[in-house]
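Visitor: What follows is the residue order along each chain.
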Amino acid sequence: MTVADIIRFPRSWYPADSVDEWGRDAHLIDLLRPATALRWEVGIGGQHHLPKRGGALLVTNSRRLSLSTVYSALALSRAIGRPVRFGGRPDIAPIGPMMQRLGGLHNDPNEISGALRAGELVIVSAAGTSNPRHAGVVDPSMIATAVLSGVPVFPVASTSTPFGRATRVEIGPQVRPRHKRRGPLAELELAELTQRHIQRVLDGLGGLHTGVTPIDWLAEG
Amino acid sequence: MRGQRVLVSGMGGELGSLVASLLEAEAWVGSILGIDVDPPRRRLRRSEFHLIEPGDRERIVDVVTRFDPHVLIHLAVWEPDARAGTTLAKRLTQEASTSMLAAAAECPSLQAIVARSGIEIYGRGRGALTRPDEDSPTRPTSEYGRMVSGVESAAHSVGQRIGVAVSALRLAPVLGPHVPSPLGRVLRQPVVPFSLLADSPFAVTIDSDAARAFVAAAEQRPQGPLNVVGPGAISTMQAIRRGRRLPLPLVGPEWLFARQVSYLLGAPLPEHVMELIHRGRLADGSRLAATLGVAPHTTTQDVIDRLFKWEAIVRIPPSTATRAA
Numbered sequence: 001m002t003v004a005d006i007i008r009f010p011r012s013w014y015p016a017d018s019v020d021e022w023g024r025d026a027h028l029i030d031l032l033r034p035a036t037a038l039r040w041e042v043g044i045g046g047q048h049h050l051p052k053r054g055g056a057l058l059v060t061n062s063r064r065l066s067l068s069t070v071y072s073a074l075a076l077s078r079a080i081g082r083p084v085r086f087g088g089r090p091d092i093a094p095i096g097p098m099m100q101r102l103g104g105l106h107n108d109p110n111e112i113s114g115a116l117r118a119g120e121l122v123i124v125s126a127a128g129t130s131n132p133r134h135a136g137v138v139d140p141s142m143i144a145t146a147v148l149s150g151v152p153v154f155p156v157a158s159t160s161t162p163f164g165r166a167t168r169v170e171i172g173p174q175v176r177p178r179h180k181r182r183g184p185l186a187e188l189e190l191a192e193l194t195q196r197h198i199q200r201v202l203d204g205l206g207g208l209h210t211g212v213t214p215i216d217w218l219a220e221g
Numbered sequence: 222m223r224g225q226r227v228l229v230s231g232m233g234g235e236l237g238s239l240v241a242s243l244l245e246a247e248a249w250v251g252s253i254l255g256i257d258v259d260p261p262r263r264r265l266r267r268s269e270f271h272l273i274e275p276g277d278r279e280r281i282v283d284v285v286t287r288f289d290p291h292v293l294i295h296l297a298v299w300e301p302d303a304r305a306g307t308t309l310a311k312r313l314t315q316e317a318s319t320s321m322l323a324a325a326a327e328c329p330s331l332q333a334i335v336a337r338s339g340i341e342i343y344g345r346g347r348g349a350l351t352r353p354d355e356d357s358p359t360r361p362t363s364e365y366g367r368m369v370s371g372v373e374s375a376a377h378s379v380g381q382r383i384g385v386a387v388s389a390l391r392l393a394p395v396l397g398p399h400v401p402s403p404l405g406r407v408l409r410q411p412v413v414p415f416s417l418l419a420d421s422p423f424a425v426t427i428d429s430d431a432a433r434a435f436v437a438a439a440e441q442r443p444q445g446p447l448n449v450v451g452p453g454a455i456s457t458m459q460a461i462r463r464g465r466r467l468p469l470p471l472v473g474p475e476w477l478f479a480r481q482v483s484y485l486l487g488a489p490l491p492e493h494v495m496e497l498i499h500r501g502r503l504a505d506g507s508r509l510a511a512t513l514g515v516a517p518h519t520t521t522q523d524v525i526d527r528l529f530k531w532e533a534i535v536r537i538p539p540s541t542a543t544r545a546a
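As given, the protein sequences belong to chains G and B, one line each in that order.
Going by the working numbering, the residue at position 42 of the first sequence is 42; the numbering climbs one at a time, nothing skipped.
Numbering-wise, the working numbering comes out as the position in the second sequence, counting from 1, plus 221.
Bound-form chain B, shown alone (with noise of 0.2 Å):
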């Protein structure tokens, strides 16, 4: 299986850019094309990144034509206040899901797709399962969780059209040093919200971590979701503690003042990251390693110290700079 043809929606995010470089190096990928509406985060060397607007249909579904890949990697799914608001981020994610589904499925050697999804499409209303695997049943509760159970149906409803593999990678709050997530702004902040009432356990999982799990699966292309879940698990008060901050207890209609305070010192609370701090966010995620033989290796533990040890803004000094160009 050497030479295969992937293709990457959202190159340019830094878990994008993540796949891309990671694919590279295998030996089974033959050419890798990309397309996202910003330029991808880091260096890619076989990597022919194309920059389109998702709701350019036509040039899409050209360049996508043209390409004729065997593996869909969709990776452009907008978390709400990660990059952009909830409601640009609705309407990217939907016009991207919708035109390279469209595009990749008149593709005629293409076999499979691999699409980013997230546990957010588990729900957490009244009664929600603690810790759900791949069969629990999907009863999302906020806007994101609705975006990506949108983004799983439209992959099936292709992959059922055209008969190719589908698989969902269901990921845990994705950090990284250089990941735009609203949860890592919030608990990076010098003072950070809980719910005394819950202070519910969550889980989150590396953008490494994440990535790998996505190059296995379009070398693999097994069928159904895959929850990609860091081990261990954490609550905010917790986290709180391991970053050092100072915790503020909320316990009802404060909240709305304190969601408030916190975007307008850049660190919005989006419906989800709110769900999380007050009903937790857990899952199982054992099936993964049993699929495809990989398993996030960072702790939630060990993620958050890093998020905390991250630095800001990466500065780097003039003369290493011009010699780097």
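One chain only, chain G, in its complex shape (with noise of 0.2 Å):
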């Protein structure tokens, strides 16, 4: 006899076989959906340009402390049936544990790279800038990780506002290099281009509509 003959947890809290290989807890995913949706109401266009296997690196603006990688990730895990990484994850308990079961990984190029070569989904998020319309400067050292890992690089756009709860995400057509290149300008070129692709998907999807209009105009700068 175990002590758990005695003194049973039930099952659906916490199942015994819900975490893979990199950490991520679809079943604990599942059970906190109900507090994403809380906050975040996604909507999101574009999922056709993914791929239905193998890797991809996916750059999204982001709005300072938005979680924008994190709302993006788990909506789109969600939309195309196969679970969505994202990079950013801190390195100190609890946030760091809990954000990995939800899918995170450190925003080191060799985490990322390890995720893209096994054919995993990874979301990755450009520098943050204060203005939600705005992509920022996306680090060529994230882009290496899917040059060097053969993977294709898609842009994000994602919308959010501090308070309301709707929130967009619009993935735009594979970003193509221009020129083949063998060394180090590959990444450069690709993520000034990744960066100006997130820019068109973000200028496509209009300007803000929080509901309080002069919120609006101050967030159009």
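Simulated from the structure, these hints should not be mistaken for laboratory data.
Yeah, the Cβ is synthetic: ideal placement off N, Cα and C, and Gly gets one too.
Possibly wrong hints are sitting among the right ones.
Claimed, not checked - Short, incomplete list of chain G residues facing chain B, as computed with Cβ under 10 Å:
no., residue
1, P15
2, S18
3, V19
4, D20
5, G88
6, R89
7, D91
8, P94
9, G104
10, L105
11, H106
12, D108
What the hints assert, rightly or not - Covered stretches of chain B (in silico footprint by chain G; criterion: 3 or more residues with CB under 8 Å from a CB of chain G, positions within the stretch not fixed):
no., segment
13, 344-353
14, 450-458
15, 493-505
To be verified - One-sided and incomplete, this derived list gives chain G residues near chain B with beta-carbon spacing under 10 Å:
no., residue
16, A16
17, D17
18, G23
19, E111
20, R117
Using the hints, put the two standalone chains together into the complex.
Guide: The structure is reproduced here in structure tokens:
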């Protein structure tokens, strides 16, 4: 007889096999869905651009403190039926392990390239901006992970507001480099191109609509 | 490539005995010689075994140079708190790697060294990669990690000096029905502590899969490290649930007390197991299959399930024992 014969925990609370090889816990994500739905109501477009299998790097714009990679990854995972991981989890308990359960990876190029080589979809963010309609600078070292792993790069425009639930995630077509490069110029050019593609998709989403016009004007800068 | 002579250091351990028994069934293997401080754990028919202390370098050099192996499988690595405490394990591992590698380097027929290592070598410091592969930097953060790092660097320096292929198999924590494992002992306790703040995932491998990887590496002689990791992952809490144990959530200073209690109950928690519980331990094992064509079959979840089913003591009725003798 084991202790668990006497004290039983409901299996639905914590299944014994829901963690994958990167530490993502699909069951926990399902459990947290009502809570995430309270904060974000995510509309998704352009998911048909993403590959059905194999790795891909997604790069999104980021308003500071918006957690755009988190809500984008959770919403995309649900929409396309395969896990989407996000870069930028901290490495301090309990936030770090919690974000790992949600699919978080360190923002370390080695970590991101390991996931891409393993055929995973990974979303990372461009540099944070104060204006939600501006795409920040894309880090070439992140793009290098995709170039060296031989996986495509997709621009993702994400918009959210600090207080409202309405959130939009729009995926653009694959960013294709104009010239074939052999050296580090490949990721430098592709990073600039990705930033322009994100901005283009962002512009296509139109202005900010919080429902409070003065705030929208302020946000437009 | 028939008639190859294979030297197995650490043949007395469960993994060493298993590797030797698999080597005996290989057509390319001619003769097998084993050295350890304990006798083999299973019946071996073709292998020759020598009971020698790792510090007895002269005798090891004498036996090894007379055997003149083509391949050295160096398994003489003592995991802390598995068969010996941390200090003793460190000393035995260092002595064994020094004397075995030095002796093998004197053998003119030597073509390859396959060394046992562990994924503890990657370390779990702040910012460490979640799932490192063989190209990831090694920054061990536990005593066992530093021990296997020492074994790897000693093997590489010998390999470079005498020009032979050196591969290191970096094993995930090895569990098996007779494998002395501090992680296995902790998980089999009726009450198992886990980190409430982290509960990080880890992967393990079963001894038979690890042994098959060593035999394949000895035959194919690759260069460089290879991770040997069972598919899948599990967190400590999930392992506790699978074993139907009582979880004991801990957050901080009470770990000191829990370690002492666990030690008194016969399941010490060495540094690398504490690290596994708090920071997890995963690694990418895909290169093993691509390089050697073998991969661990048993998933981490299955290994953990089996861990809880293995008998603590296998009782053999007197009549059966007499017949077997």
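Visitor: Evaluate each hint against the coordinates.
Guide: Against the structure, the hints:
Contact between G/P15 and chain B, as hinted, is supported at the beta carbon level, the nearest pair being about 8 Å apart and thus within 10 Å. The interface hint given for G/S18 is met, as the beta carbon of that residue sits about 7 Å from the closest beta carbon of chain B, less than 10 Å. Contact between G/V19 and chain B, as hinted, is supported at the beta carbon level, the nearest pair being about 5 Å apart and thus within 10 Å. Interface hint status for G/D20: upheld, as the beta-carbon distance to the closest one in chain B is roughly 6 Å, under 10 Å.
The closest approach between the C-beta of G/G88 and any C-beta of chain B is roughly 12 Å, which is over the 10 Å cut-off, so the hint fails. Residue-level restraint check for G/R89 holds (minimum Cβ-Cβ distance to chain B is 9 Å; threshold 10 Å). Residue-level restraint check for G/D91 holds (minimum Cβ-Cβ distance to chain B is 5 Å; threshold 10 Å). Because the smallest distance between the Cβ of G/P94 and any Cβ of chain B comes to about 4 Å, under 10 Å, the interface hint for this residue holds.
Evaluation of the G/G104 hint against chain B yields a held restraint, the C-beta minimum of about 9 Å falling below 10 Å. The beta carbon of G/L105 comes within 6 Å of a beta carbon in chain B, closer than 10 Å, and the hint placing it at the interface holds. A least Cβ separation of about 6 Å between G/H106 and chain B falls short of the 10 Å threshold, and the interface hint therefore holds. Using the Cβ-Cβ criterion of 10 Å, the hint placing G/D108 at the interface with chain B is satisfied: the shortest such distance is roughly 6 Å.
Counting residues of the segment 344-353 of chain B whose CB lies closer than 8 Å to any CB of chain G gives 7, so the stated coverage by that chain holds, three being the minimum. For the segment 450-458 of chain B, the stated coverage by chain G is satisfied: 6 residues place a CB nearer than 8 Å to a CB of that chain, which reaches the threshold of 3. Taking a C-beta to C-beta cut-off of 8 Å, the segment 493-505 of chain B contributes 4 residues in contact with chain G, enough for the three needed, and the coverage statement holds. Annotation: interface hint on G/A16 holds; nearest CB of chain B at approximately 4 Å, less than 10 Å.
Against a cut-off of 10 Å between C-beta atoms, the interface hint on G/D17 holds, since the closest Cβ of chain B lies about 5 Å away. For G/G23, the interface hint holds, the least distance from its beta-carbon to any beta-carbon of chain B being 4 Å, beneath 10 Å. For G/E111, the interface hint holds, the least distance from its beta-carbon to any beta-carbon of chain B being 5 Å, beneath 10 Å. Checking G/R117 against chain B: minimum C-beta separation of about 8 Å stays under 10 Å; hint holds.
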